[in-house]
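> Could you build all of it, start to finish, from the sequences and the hints given here?
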Amino acid sequence: MAMDDIKILDTVERYIRGEMTPDERLYFEQLRKTNPEIDQLVVEHTLFLQQMNRFEEWKKFKQTLHETHIDLTQQRKIQSDRLRGGAKIAYLWNKYKRVTAIAASIAGVTAIGLTILINLFTPQIKDPKVQELVHRVNAVEKNQKVLDSKINYVDKKNQQPVISTPVRYNGTGFLIDPKGLMITNAHVVKNSRNIFVQNNKGDQFKAFVVKLDVSRDVAIIKIDDDSFKSFTSLPYSFKKATSDIAEPIFTLGYPRDEVVYGEGYLSAKTGYNGDTLSCQIFIAANPGNSGGPIFNHNGEVIGILSAKETEAEGFVFAVQSKYIYQVLDELKKSSLYQNVKLSNRSSLSGLDKVQQVKKIQDFVFMVKGD
Amino acid sequence: MKAERNEKVLLQGLARSDKKAIELIYRENYNMVQSLIINNSGSTDDAKDIFQEAMIVLYEKVRSGTFELNCLIKTYVYSVSRRLWLKRLQQMNRYVPAMENLHETVPVDDDVEENERIGSEFQAMEKAISSLGEPCKSLLEAYYLEKKSMQEIASFFGYTNAENAKNQKYKCLVRLKKIFFAQYKNGNGNG
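Here the protein sequences come in this chain order: A and B.
Taking our numbering, the leading residue of the first sequence gets 1, the next gets one more, and so forth.
Taking our numbering, the leading residue of the second sequence gets 1001, the next gets one more, and so forth.
Just so you know, these hints were derived from the structure itself, not from any lab.
Only a predicted model underlies this, so the values are computations on that prediction, with no experimental measurement involved.
Be aware that a few hints might be false.
Simulated coverage check for chain A against chain B, where a stretch passes if three residues somewhere in it have a Cβ under 8 Å from a Cβ of chain B [to be verified]:
#: 1; region: 4-11
#: 2; region: 46-55
#: 3; region: 60-68
#: 4; region: 71-78
Glycine residues also receive a C-beta, built at the ideal position from the N, C-alpha and C atoms.
Listed below in structure tokens is the structure:
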């Protein structure tokens, strides 16, 4: 019985959407005339679908209005005051961007001078203003680092790519450390003899597996290639706490040869069977995206996209970023990686998506294994 | 003459949800509505709410296809905002000041009523969908709102094939339609 109902609904939907052949249509219209139940279903379902469509457009329009309001406020094209949180930071960032860039060139000297002054004269006093100054100097230093990494990146562009090898497994990975430590899905690399990672410019680097956790489908790999130049810092940070339901998220990955952006939202705080180290997400992604980073709107990594199949159907899961902290703690027990530290301050908060993605994409790689 | 044509182009853009048109209308009318609200015991948050609601009224109106522009967009948006704010003040049982008309107004009561009806319908729909829980909510949204194919949905949600996904979708749909039509019969979503 249920199978028939499903088939009937399918047919009705194809009829409403105009997907039937002329013959089919004629036959179906005849059926409608003779069968009042079918006729009622058509009327009812048409109404329902119309309402769904209008609802979707209404929702989208509201979202556009909301975004427009923020845009225009930031551009000071409307007089709406009281910018708060992200909007305010973005606005201030735009305003002071130029000043910061100029200040960066003299920051080195000032930073040393200021530290000495504070240490000498106010060792015990926790003056918020002084702290704020130190913060600002730190921010300027950070800025200089970003500039440095940009220079590195320009250098890299001039190099010849490595000749590519036949590939069997494809996925996405992203740096968790500026010196080339990277996270990806275990299934992408576990059976591979050779692992290559490729950036969005098409440059390839050789890598090896540092740690595998097959049960969680997480692997840590390290780029081991003379042509790879370390970055000075990562633009994003790693969130330790679990994120909130409905938080908008986005990912970057390589479902094809080019870096692709996809967005969605966090559906549930836990994963399969209430697993608190993963979470359930809804995101536009393809198999090649697996192992890619999941970012929140502040540009913090909140998880790793996992294509792992589970017994539960109908869910997409991500391993939460707090798990990365755990794995890394284990890794640190061996002497080689004692100095690896995950950044907990993102330089992306308050920037718009386009700017965030621009800054992130150099740190997301295609991972290939053969 | 030229101004009139521009207005028409803007409204056509709005009907297509064109971002540029929306931005332009927003830019040229927001400050006016904000002063109206603030001068009549409202906050900037109220102003944002009321203005966006007025934009939705205009949007639904141009999309209905029967909209004839017989006044400037500015006049229309101002009239609707003013009406909406008066209603809001009344609902809060606040003293309604004699609102000064700084701009010309046109009668918009019917449009505002109609918008209220549509709005409550959509809110009911939103409530119905979210009350389904997962995976129904995401599944139906992917199929009916994002217009993804059953194949895409099957691979995306990890179903072994499109047939399985279809079965699950059907079960979810029956639940949603039940809630939806119950609300519909009860005078459009008082629940």
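> Against this structure, judge whether each hint is valid.
Each hint, compared with the structure:
no. : hint  : verdict
1   : 4-11  : holds (count 4)
2   : 46-55 : holds (count 6)
3   : 60-68 : holds (count 7)
4   : 71-78 : holds (count 4)
Checked against the numbered hints above, the structure breaks none of them.
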